[in-house]
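Peer 1: Line by line, the protein sequences give chains A and B. If you're matching positions, the first sequence starts at 1 in our numbering and goes up one per residue. If you're matching positions, the second sequence starts at 1001 in our numbering and goes up one per residue.
You may find that some hints are simply not true.
Residues of chain B clear of chain A, computed beta-carbon distances all greater than 12 Å [as the list claims (entries may be wrong)]:
(1) R1015
(2) A1078
(3) F1106
(4) G1113
(5) C1141
(6) P1145
(7) E1157
(8) L1280
(9) G1408
Calculated cross-link-like contacts (lysine to aspartate or glutamate; reagent style EDC-like; alpha-carbon spacing at most 20 Å) [as the list claims (entries may be wrong)]:
(10) K212(A) to D1177(B)
(11) K1212(B) to E352(A)
(12) K212(A) to E1095(B)
(13) K212(A) to E1273(B)
(14) K212(A) to E1099(B)
Keep in mind the hints are simulated off the structure, nothing from the lab. C-beta atoms are modelled at their ideal positions from N, C-alpha and C, and glycine is treated no differently.
There are 2 protein chains.
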Amino acid sequence: MSDVDQFAEHISRQREKWLEELNEWLRIPSVSTDPERRGEMVAAAEWLEEKLVAAGCQETAVWPTDGHPIVFGSYRSADSAPTILAYGHYDVQPEDPVEGWESPPFEPTVRDGRLFARGAVDDKGQLYVHVKALETWLATCGSCPVNIIYLIEGEEEVGSPNVGKVVRENIDKLACDAVVISDTSMFAPGLPSLCYGLRGMAYCQIDARGPKGDLHSGSFGGAVVNPAEALARLLASCRDTETGAISIPGFYNDVVPLTPKELRDWGELPFDESAYRDDLGVAALSFEGDYGVLERLWARPTFEVNGLLSGFTGEGSKTVLPATAMAKVSMRLVPDQNPDEIMDALEAHLEELAPAGIDIEVTRMLGARAWLAPRDHPVLLAAGRALERGFSAEPVYIREGGGIPLVGLLDELLGVPAVLMGLGLPDENAHAPNENLSLENFYGGIASAVYFHEELAKL
Amino acid sequence: MSDVDQFAEHISRQREKWLEELNEWLRIPSVSTDPERRGEMVAAAEWLEEKLVAAGCQETAVWPTDGHPIVFGSYRSADSAPTILAYGHYDVQPEDPVEGWESPPFEPTVRDGRLFARGAVDDKGQLYVHVKALETWLATCGSCPVNIIYLIEGEEEVGSPNVGKVVRENIDKLACDAVVISDTSMFAPGLPSLCYGLRGMAYCQIDARGPKGDLHSGSFGGAVVNPAEALARLLASCRDTETGAISIPGFYNDVVPLTPKELRDWGELPFDESAYRDDLGVAALSFEGDYGVLERLWARPTFEVNGLLSGFTGEGSKTVLPATAMAKVSMRLVPDQNPDEIMDALEAHLEELAPAGIDIEVTRMLGARAWLAPRDHPVLLAAGRALERGFSAEPVYIREGGGIPLVGLLDELLGVPAVLMGLGLPDENAHAPNENLSLENFYGGIASAVYFHEELAKL
């Protein structure tokens, strides 16, 4: 117990300093999807490398890729010690719509114990926990009982297109006994959560093209098929409004049903549908047959319109019959759906229904399979004990609706268990304005990571 | 015939000078829908007032309104002479998408006998014809056989919200025997056309609102009704794809069918559907039951999506479940549809179909009834003879798919016939990039306006 106190005391003494460090990093707008922010991406990567050195890594590097660089770090304790690989990402989502933020997205601001900034929870703040855990071990005990590899990429928010190649090329350097990732959420405040399943994704842009140029809607309306209306109809055709199910032929072919045990366990989670609805500010939720909300979020695939653009969208009116219309569409996938096959099914469906006079082009942008871990693996159970110590509460086992593309790849390439130790909260606003991280979870996460190292070393 | 030569010779000598003047005007970006261009609107109005003085008006004024100013001019010949009111508009459509222009929208450029600029045909170039017609009379004969009132507004492209009040307040100053407007198109090059019917319009913005903020499409997809998908479905629900007809209940209640004579006459117009399709660059046109293209364009109402905006629309991907989605929608109307009743019908339809979890708001923006003139009125026949002299070709009688909101109002308030002497061409690109005016039609239009004065004076 003396160790525990020592760790907690150290963390407690460093709170302000570590918050200041994190704020410095959050001020760098490392938006990976924005080609004009390549410089900021490099700055954010170099900032992290410095901090890995300061934390105690004996070896660090910023690996170039065809896209944004990857930050590597290695702390070696002993060859006999278990090795964990901490994965995370320093890139963040775009900040738009900027007008939705209460404080500027790249000026970190604390309100009511929450740190508000783009990247606070997704994922700079969460991954920084694992850097500070190593620092805590070295500051308090002079060494850490596990070897730690850091693999922090800059393209998670754009589907991790380049990290796979780098992982394959450096597979020897990345050999480990477990992967640990903090990039998910707790089920509820004060309820530490281990995530054992993630949905996959297929993301595309759909362009509908009609006449060769924009037309006057008075002079040509009635003769020309409107691409915006055609696109709207195609999008609407992807769901059966009676059942709420996705009506793309073949879409559900490979979906694996939930086990009765999972259904039972999820039924015991403290989920208040009415409060959830109120938090979202909606009068009703969506539906799909008889599936419950958690099943729909964690174990059922989705069809989602992420963006729409066509014609005149400014103030006032313009009587244009637009030449083109564009939609961004993503489908969240569950075991055993294959993203390529799902995209094939969508494309076939759209081609089948596209009206004469409209050309449809589908540009595939992201694809990742869903991931599911064995819930009773010793490493997951060790992580559960660490969380219980860090947060003084028994953890729950959950899935997540979102995805982390690299999790599936690391599973495939390294064949070791992954621990998803989520520190976000349900109202963390990842990918939206007012993204935030609970400071209590930040510090509790650092303690849990320290205890996880200890628990792993005991196995 | 000596007069004719005199007019034609004068016009011929002034070609370069008048083109230079028009170019100067076209360089002023008088976009009425853009609040940042109020200064340019005033500059464009004052420019025109100067030219009315120079042309020979004894009285001119720039009348303020609650929106953009109206330019008034009056040339008095004799109390016994007939009086015409020339109406037009100096405001223009927004220039976007700017990247679609071959030469900049506000740098007038002549290519292949066409003048390319925003406002070239709609409507600065066309209305300027009537200014130069007065100047031609005074320069050649020292007087004009008709009194001319100019009423040139700055809000036609935003639905003429303020001109009605001004017309009512100045009804004594505007008393006339006929209205003349050049703001429509010739049916084909070399085929002078008199337009005796315009469609009306009901224009609105539809906002679909779901959750109170943008959400992560992974974390919330499957639980929340997507506003972009809901809006797409609502838009799609407004048409029956089997018949091509608009499926808003009550939409066609007041539509007056075409007369057999009009159908016959339209059948004789030189319309080549295949060439029309090729010009538009589409493999197929839209359809509505058995109606032909000209009927659909001129005598059938439409439902058109003019704009769509929701969520993420930039480069790349963003996995957002958007909080809102917006569409701009317009419906072209025919006799005897009432724009308010049509908007009521649309709103009722949307409210009926909106899914639980989505709020729909409809903001009405423009409303105008369709207009239809008696084709055999002596003033229209006089205009026909003038066009035949100006273009050395027999004119055709057509309708237009677009609308000119003031035409209906002047009809109601002044109770005099309106002559729509269109000088545009089918590929004029009004409201789109590369808007243009045929210079041959510009000069031929000035001659026709001069002859129209002569023909009117003879009645």
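Peer 1: All hints are to be evaluated individually against the structure, with a verdict given for each.
Peer 2: Here's how the hints hold up against the structure:
no.	hint	result
1	R1015	holds, 28 Å
2	A1078	holds, 39 Å
3	F1106	holds, 17 Å
4	G1113	holds, 20 Å
5	C1141	holds, 37 Å
6	P1145	holds, 34 Å
7	E1157	violated, 8 Å
8	L1280	violated, 4 Å
9	G1408	holds, 14 Å
10	K212(A) to D1177(B)	violated, 43 Å
11	K1212(B) to E352(A)	violated, 36 Å
12	K212(A) to E1095(B)	holds, 17 Å
13	K212(A) to E1273(B)	holds, 16 Å
14	K212(A) to E1099(B)	holds, 14 Å
Going down the numbered hints, you'll see the structure goes against 7, 8, 10 and 11, while the others check out.
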